[in-house]
Structures are given as structure tokens and as C-alpha cells.
Amino acid sequence: MSYTTPKAVLAILAVVLTLSACGEESGASGTSPEARQNATGSTTAAPVDPERAARSQSVLDNAITDDEPGCSAAVGIEGQVAWTGAHGLADLETGAKITESTVFDIASVSKQFTATAILLLADNGKLSIEDSLASHVPGLPGWADTVTVSELIHQTSGIPDYIGLLEDAGYAYTDPTTQEQAVQALAEVPELQFDPGSQFDYSNSNYLLLANIVQRVSGQPLPAFLSAQIFKPLDLAMTMDPKLAPGSAIPYDYDDGTGDYTVAVSNWEQIGDGAIQTAPSQLVRWADNYRTGKVGGQALVDAQLAGAVDAGSDDGDRYGAGIYLLPDGGLTHDGSWSGSVTSFHISPDRRTAIAVSCNTGNQDPDAIAEEIGKLWL
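According to mature numbering (1 follows the signal peptide of the UniProt record, and there is no 0), the stretch in the sequence shown is residues -23 to -1, 1 to 354, in order.
Simulated from the structure, these hints should not be mistaken for laboratory data. Heads up, a few of these hints could be off.
[Unchecked claim] Derived EDC-like pairs (lysine to aspartate or glutamate); straight-line CA-CA distance at most 16 Å:
#: 1; residue 1: Lys271; residue 2: Asp38
#: 2; residue 1: Lys220; residue 2: Asp152
#: 3; residue 1: Lys271; residue 2: Glu45
#: 4; residue 1: Lys271; residue 2: Asp212
#: 5; residue 1: Lys220; residue 2: Asp178
#: 6; residue 1: Lys351; residue 2: Glu28
#: 7; residue 1: Lys74; residue 2: Asp38
#: 8; residue 1: Lys74; residue 2: Asp44
#: 9; residue 1: Lys74; residue 2: Asp43
#: 10; residue 1: Lys74; residue 2: Glu45
[Claimed, not checked] Quick list of simulated restraints, FRET-style, between CB atoms:
#: 11; residue 1: Arg193; residue 2: Asp237; range: 36 to 46 Å
#: 12; residue 1: Asp305; residue 2: Ser35; range: 23 to 33 Å
#: 13; residue 1: Asp326; residue 2: Gly293; range: 10 to 20 Å
#: 14; residue 1: Asp38; residue 2: Arg193; range: 39 to 49 Å
#: 15; residue 1: Gly293; residue 2: Glu165; range: 32 to 42 Å
#: 16; residue 1: Asp108; residue 2: Asp237; range: 28 to 38 Å
#: 17; residue 1: Gly72; residue 2: Pro223; range: 16 to 26 Å
#: 18; residue 1: Asn39; residue 2: Phe171; range: 42 to 52 Å
No residue lacks a Cβ here, since even glycine has one placed at the ideal position from N, Cα and C.
Throw the hints in and build the complete structure from the sequences for me.
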């Protein structure tokens, strides 16, 4: 589940503070309020200039042909959906089109929700982020005594990525693999890659293990905890499930040599590091919690970015609680898994968010988000 730093998008969002005021003064509307009630999650539409909405849709139309997998996109302002658009096919076999309510696997963009679950438990005194991994996940080697929950959150544990371990063991994405198999693969690792806390190294294992910690501490599986503590309080149409949800876009792999698309199949069942299914409209609504702290309060918002560590980039990016913090204060993360790709960005002032999800890696959600962002200046 990959990550790249989309600088151009956040640079654009850095000056988008004037956007909301312009829209409110015009009093115009773009897509209908009904269209903005995406994936059944309720929302109040922000006023938007119809010309800006049309030009935003043109970005998708120009990037994607009618007969190929495509993308859905959304812009949010202070928790309200200002614009949504879509283009391309959700299912090549049936010809079903992607709509604003089409659901996607957002892959590693899910990590911020797992981290938020841990911080909610810490705020309620159920755990400390300075607890050792071994105190919550039994059966791991002695190195688990030296790794803290905080180091899992900030990707500084030194634990190797379980994806590579399972691949080295001969598992393909088409082979069923479970959460327990992934943890067992980690239990067979004799030593860490580096001393915990000494450096940043992005590893999906960290968030897989955080999912197990949530279940052990709360008594609820992570998907149930997220539903009760985050999704329902914020009225977000989201689920955490490695299997495709109803209304999901079929993910596709693309062969550069032949130009053919094939259905991308993953039978891996791990959670915590990914597996949230949702629409971009819901992501831009969630983004407002970084401004308001509606779930968890200001203390949670502060904790999400407190202790952010150097992410090892030349640009000074840091990694907080499942999300990257850029030097200008913008927040970002992307995700990629088995044909599904998502790009998610929050402006430095926390007022504006852009999310783009596509059902093939042949589309570039970062580039689309950049072009849409230019229109909202």
C-alpha cells in the first residue's frame, strides 16, 4: 500500500482559504444536493459556482475515456461537500458507470482511522501509547518488548512489512491469507530492521498490529470499533472490510504491453493498514474532524499530529498518526491496493479537502486532484 508526496496539490490547497467566501457570496449551486448525499452519508451541500463545477468535471472527462475504468472525486469545505464528479466504468463487463456514490477500497488512506482508534482508547485511559507492543499482542519474539505503541503509530518500529514476508513465503494476492497468518509471519522474524524509534520506515505491519491492539483493549474488532466511535458519530458511510462492499467499483490491473484490463483480485483479509470502503465524498467530510475535533475533541486533533516524525524526505515531510504532515501544515496520504488507488489532501488551514479514488492504477488520482485544486483558487 504505497505512498507518494503530492506537493502540488497541497500547494494549491494552501491558498484555497478564499474559496468558501467566493462560493458563499455567489449563492450558486453546482451538482444537486441529492447528488451530494453520496454513499448514503448525509451532508449539507456547500454553495458552488456552476462554472467551477463544470470545469472540475471536465478534468475527469479529459483524463478518462468512456470505455475504461475511471475515478470519482470530491471537494469539501468545512465538512460540507462542495462538488462531486465521476467518469469511467465501475464494471467493464456490465458497462456500469462510476457515480459520485460508487465505493472504493481506499487502501492506506485507512491508516489514519486506525491511529485515531488507538488515540481514542488512550484518551479514555484504556492504554498508553508508551505501552510496549508485547503488553498487548502476545506471542511475538523478545523484540516486541522494545517496541512501543507510539512507534507503531509513527512507523518507527523497525518491524518488516508483512506483505513482503507473505510474498516471500509464496503467497499470491489471489491466495487467501488472514490477519492471524500475517501476525504469525511477524512472530517468525528473529530481529528488527533497526532500533525502535531510531528512524522512519513505512511498514504495513505497524497498522496491522494496531488493529489487534484495538481489539484486545476494547473487546471489539477494529471494524466494529470504528463504526461505533467514528463512522456513526460523524454520519459517515464507511465500512472496514477487505472484501468489496456493495456498490463498489471493480478494481482492474492494466497491462502496458497489451493495453488490456483484467480484474484485480485480492483474497488477503488483513485490516488496520487498509480495507476501508467508501466514496470520496465521505473522505472530504471526515477531513473536517482535523479542524473541529467533533470526535475526540481538540486533544485528539493535537495528538494526531503530536510527535510527528521526520519521514525521510528531502522536503521536510513528517508522519503523524496515520497521515503525513507537510512543512506548510497540509495533511496528505494516498493508498494503492490491488487495482484501487486513492489520493487524499487537506489544506493547511484545515478548511478544504480533496479526495480522488480510481478503480485502476492506470489512472493518476494525484494528477487529477492537482488539476481540480487549481480550479478552486
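Earlier hints that do not hold, by number
Hints 1, 3, 5, 16 not satisfied by this model.
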